[in-house]
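Colleague: Go ahead and model the full structure; you've got the sequences and the hints to work with.
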Amino acid sequence: MTKARPIAAITVLAIFAMAALLITPLGAQQLSDRAKQIGGKFMCMCSCNQVLTECNHVGCSTSAAMLKELNQSLSRGNSEDAITQMFVQEFGTKVYAEPPKSGFSLVAWALPSIYLFVGTGVVIFVISRWRKRPVQQAASASGVPGISAEMLERARAQASRETQD
Amino acid sequence: MDVFGSFALVLAFVCAVYAFGGGIAAIITRHPLLIKSTRQAGITTCCLIFLATFSLEYLFFSDNFSAAYVVSHSNRDLSTFYKIAALWSGQEGSLLFWSFLLSIYVFSVLLTYRNKNGELMPYVGVVMAGVQIFFLTLNNFIENPFKALAVPGADGLMNYVARADGNGLTPLLQYPEMVIHPPNLYSGYTGFTIPFAFALGALLARYPGEKWIHLTRKWTMIAWMFQSMGILLGAHWAYAVLGWGGYWGWDPVENASLLPWLTGTAFLHSVMMQEKRGMMKVWNVWLVFCTFLLCILGTFLTRSGVVSSVHAFANSKIGNWFVGFMAITVLVCLGAYLKNRDYLASENQLDSIVSRESSFLFNNLILLVACVAVLSGTLFPVFSELLTGNRISVGAPFFNKVNIPLGLLLLFLTGVGPLLAWRKTSTESLKRNFGWPLAMGLVAGVIALVFGFRQFYSWICLILCVFVASTVLLEFYRGAKVIRARSGASFVASAVELTMRNTRRYGGYIVHMGMVFVFIGLAGAAFNRDIQKDMRQGDTMQIGPYNLVLQGFDTKPEKNYTAQRLLVEVLQDNKPTMMLYPEKRRFSTTEENGTMVAIRSTLKEDLYVVYAGTSPDSGLPVLHTYLNPLVKWIWFGGVVVVFGTLVALLPNRRTVLVLSGAQQPAAQPFVPGLTPSATMREGHD
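Going down the list, the protein sequences come from chains A and B. In this text, residue positions in the first sequence follow our numbering: the first is 20, and each later residue adds one. In this text, residue positions in the second sequence follow our numbering: the first is 4, and each later residue adds one.
Don't take each hint at face value.
Stated by the list, open to error - Here chain A is said to cover these stretches of chain B; the calculated rule only asks that three of the stretch's residues, wherever they fall, bring their Cβ under 8 Å from a Cβ of chain A: (1) 116–128; (2) 177–187; (3) 244–255; (4) 397–407.
To be verified - Label pairs and their computed distance ranges (CB to CB): (5) 617(B) to 54(A): 18 to 24 Å; (6) 543(B) to 111(A): 41 to 47 Å; (7) 557(B) to 91(A): 31 to 37 Å; (8) 81(A) to 496(B): 58 to 64 Å; (9) 100(A) to 557(B): 43 to 49 Å; (10) 162(B) to 120(A): 55 to 61 Å; (11) 56(A) to 455(B): 40 to 46 Å; (12) 126(A) to 331(B): 27 to 33 Å; (13) 28(A) to 485(B): 26 to 32 Å; (14) 120(A) to 653(B): 48 to 54 Å; (15) 120(A) to 434(B): 41 to 47 Å; (16) 653(B) to 151(A): 37 to 43 Å; (17) 91(A) to 326(B): 41 to 47 Å; (18) 111(A) to 331(B): 35 to 41 Å.
Since the hints were made in silico from the structure, they are not lab data. C-beta: ideal position from N, C-alpha, C; glycine also.
Modeller: Okay, structure coming up:
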C-alpha cells in the first residue's frame, strides 16, 4: 500500500495539471497558408496519386499548373467551395484527396466504423461463448481414481505452457 | 545464355507439375519412393529456378542486348551495382525474382524437414508446388524475361536483332536502397507461402496438435521481419528520392505491402493463444490463409493496373491470372476448412475478460479493422467507378483520419497486453504492473503541454509511447533485478541473461520498443514545416534554427547521368554547420530527370533540402526546404524491430529444472536464483 501511494499521487497530480494546461490557450497561433490548406484537399492529377501540395516530382507540370490556378482563384477572392467546384468540373470527382461526406462517398467514411462495431460485436460474442463453455475435465473423464503417468505428464506440459508468457 | 535460362524455366515448370501431381498420388498411395521422388522434384524445381535467375543476371552483366528485357532495363554505363537491381525493375524479371525467392524458402523447407514430419510434409510439398506452378506459368508463358529482341522485317517476318546499347534503368530505381528494398519486400511476400502451406497441409492432413504452428513459427517471423524491413526501406526510399518531404503517402502499392503485414502481425500474436490454451484454431488458420491471399492481392494490385500508382508496373493482362489464382486458392481453403473444421475445435474456455487472451482478441480486432479499412479505402475508387460511373479518389487525408486512432489504440494494447496474465489478472497485479507506467505517461503528457504541445494525436501518442516504453523497461528491470540479486552479475549482464533465457518473450518486448520508436517518429509529422523560395546566389532562407545560404551551383558529370548541384551552406545560430548538395540528375539514355535530396538528419529533426527545379517566372533555381522533426526515430525503430525479431528467433539458453527439495547440480551459476516456474518454462517457448 505504501508503494502505491506515490504512484497514485503522481497520477492524480498529472491529471489535474493536464486539465489545467489543456484549457490554457497558447498565444495567438500563426495563420496557416490558405492555399496550402485548401491544396491539401485535392489530388495532383499527374497520376502520381499524391496530394496536390505534396507532389514534388521533378518537372511535374500538372501540380504547378493546378497550384497556380488555385492561387489565382484565391487572389480573386473565391471561396473554398467555389474552388472545389472549379477543380471538380475540370478534373472530375477523382480530384478529391478524400471522399466528400455526401452521397455514395459516405460509404467510404462509414465502412471503417462499421468494421469496428461489427468486429467488437464479434469479439464480445466470442468472449461470452468462451466463458460459457465447460472446462474439459481430462482427469475425471477417465473414471478412475488414479491418474496415469501419461496424463500427469500432459497436465504438467499444459500447465507449463499456460504459465509461459 | 537466354536459351539456357528459358530452357531451365521450362524444365522447372515440368518438375513443379510432377511435384504437384506426384505429391497428390503419393498422399493417396503413401508409397515411400513416390514421396521421395516428389520431394526431389521439388528441390530440382528450385535449383532450375536458381539457374534461370542467374542466367538472366548474367545477361545483364554481359550487356547482352539481344535480350529484350535487358535492352529495356539496362545500358552499358549502368554500374554493376544497379545491374543487380535491373533484374526486378520490370514485370517479367520481377516475377522471375519472385519465383527465385519463393524457391529459396521451398528449398530450405524441403531440405530441413526431409526426414521429419513424414505425415505432414507431402501435403506441404503439394501446396508449395501448386504456388510455384502458378508463378512458373507466368514466367514461362505470360511474362517470359528471356524473349529475344526482334523487329519486323520487310517480308513481314520477325528478325532477331541485337542493339548496341540498352535504354537504361529507370532513374527512380538508381538509388542504393532500391537494391535492397524490393528483395526484402518480396522475401516478406513470398515467405508467407510457408506458413500458408503448413496451415493448409495440416488442415488437409488433419495433422494432430499444434505442431504445425511450432514448425512454422520461425518461418512466419522471418517473413514478417523481411516484410517490416521492406516496408521501412521503401518508406526511406520514398523519403530520400521522391523529394516530397514525406515517407508514406498511402499509395495503393504502399497499402498493398501493409495489408499482409497487419494480418501477419495479428497471426504472430493470436498464435500464442493456440499454443498456450488451444484456442482460436479456426481464426489462426484463416489468418494465415488471408495473409497469403493478401500477398497475392498486393502483387495483383501492383501489376494489373487496377489502381494507379507511381510504384506500379505497366498495365498488362496479367491481372486476370492473379484473379484466377486467388479464386482457386479461396475455393481450396474453403473446401479444406468445411471438410475438416471439426479438427479445429477449441479446447479451453475464457476465465476472465481481464486476461492476456482478451488483450490478444482486441489486438487482433484492431489489426484486422485497420487491414480492412486500408483495403476498402484502396479499392474504393475502383468500386465507386463500377457502381456510380465516377471514380472517387481516396488519398492520404482519408487514411490518416481512419488509421491514426486505430494505430493509437494498438499502441495502447502494446503496453497493456504483455502485462496481463494468462487466464485471469488480479487487481493487485494490475496495480503493480500499471501504476508506474501510467504515472510516467501522464507526467510526460503534462511536460509536453508545458512545452506547448497542442497537437492532440501527437500528444496522445507521446503519452502512450512513454507508457509502453515504461512497461517494457519495467519488465526488463524486474527480471534482471532478480537474476542480479541471485547471481551477482552486473545489471546489463543480468538483462542479457534474462533475454537469452526466454528469447521469444524478451525479443518480443524489444520489437515492441522498436514500435514505440517508430510511433515517436510518426508523431513528429504533425510539426513538419516547409518553405519554398526562388534563390539567387547569396540569397538566404530561414527555417527553424537554420539559415540556408545559396553559395553557388555546379555540374558534376557521372558515368550514367549529369548532376546539377546547388551548393547550400547551412548555418545554425549564425555558425556555419555544414554544406548540403541537393541535386537534379539528367540521365543520358532515357532523357529523364531524377532528384537527390540532401538531408541533415539528427534525432531531433531532419533538415531536408530539395532542388525543386527552375522557376518558370524568374528562371532562378527553386529551393524547397522542410524541417521534419523526429523522422530518424522511425528508421532507428525499424532497426530495433529487426534486432528484436532476430533475438526472438534465437533458441532459449538452456537452464536446468529445479524443484524445491531437488538436488541442485554443481556448476550452474544462475540456477539457484530460479524459481521452479521460471525453469519449467524452458522448452515451451
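Colleague: Taking the hints in turn, state whether each one holds.
Modeller: Hint check:
Interface restraint, the region 116–128 of chain B with chain A: violated (0 residues with C-beta to C-beta distance below 8 Å; minimum three). Counting residues of the region 177–187 of chain B whose beta carbon lies closer than 8 Å to any beta carbon of chain A gives 0, which falls short of the minimum of three for the stated coverage. By the rule of at least three residues with a Cβ nearer than 8 Å to a Cβ of chain A, the coverage given for the region 244–255 of chain B holds, with 8 such residues. Interface restraint, the region 397–407 of chain B with chain A: holds (7 residues with C-beta to C-beta distance below 8 Å; minimum three).
Our hint of 18 to 24 Å for residue 617(B) and residue 54(A) holds, since their Cβ atoms are close to 21 Å apart. For residue 543(B) and residue 111(A), the hinted distance range of 41 to 47 Å is satisfied, since their beta carbons lie about 42 Å from each other. Between residue 557(B) and residue 91(A) the C-beta distance comes to about 36 Å, which sits within the given range of 31 to 37 Å. Hint check: residue 81(A) to residue 496(B), Cβ distance near 60 Å, so the stated range 58 to 64 Å holds.
The beta-carbon spacing between residue 100(A) and residue 557(B), approximately 48 Å, falls within the hinted interval of 43 to 49 Å. For the pair residue 162(B) and residue 120(A), the supplied restraint of 55 to 61 Å holds, since their beta-carbon distance comes to about 60 Å. Between residue 56(A) and residue 455(B) the Cβ separation comes to about 21 Å, which falls outside the hinted range of 40 to 46 Å. At about 30 Å, the beta-carbon gap between residue 126(A) and residue 331(B) stays in the expected band of 27 to 33 Å.
Evaluation of the 26 to 32 Å hint for residue 28(A) and residue 485(B) yields a pass: the beta carbon distance comes to about 28 Å. Checked against the given bound of 48 to 54 Å, the beta carbons of residue 120(A) and residue 653(B), roughly 50 Å apart, stay inside it. Checked against the given bound of 41 to 47 Å, the beta carbons of residue 120(A) and residue 434(B), roughly 44 Å apart, stay inside it. Taking the beta carbon of each, residue 653(B) and residue 151(A) are about 41 Å apart, inside 37 to 43 Å as hinted.
Between residue 91(A) and residue 326(B) the beta carbon distance is about 45 Å. The supplied range of 41 to 47 Å therefore holds. Evaluation of the 35 to 41 Å hint for residue 111(A) and residue 331(B) yields a pass: the beta carbon distance comes to about 36 Å.
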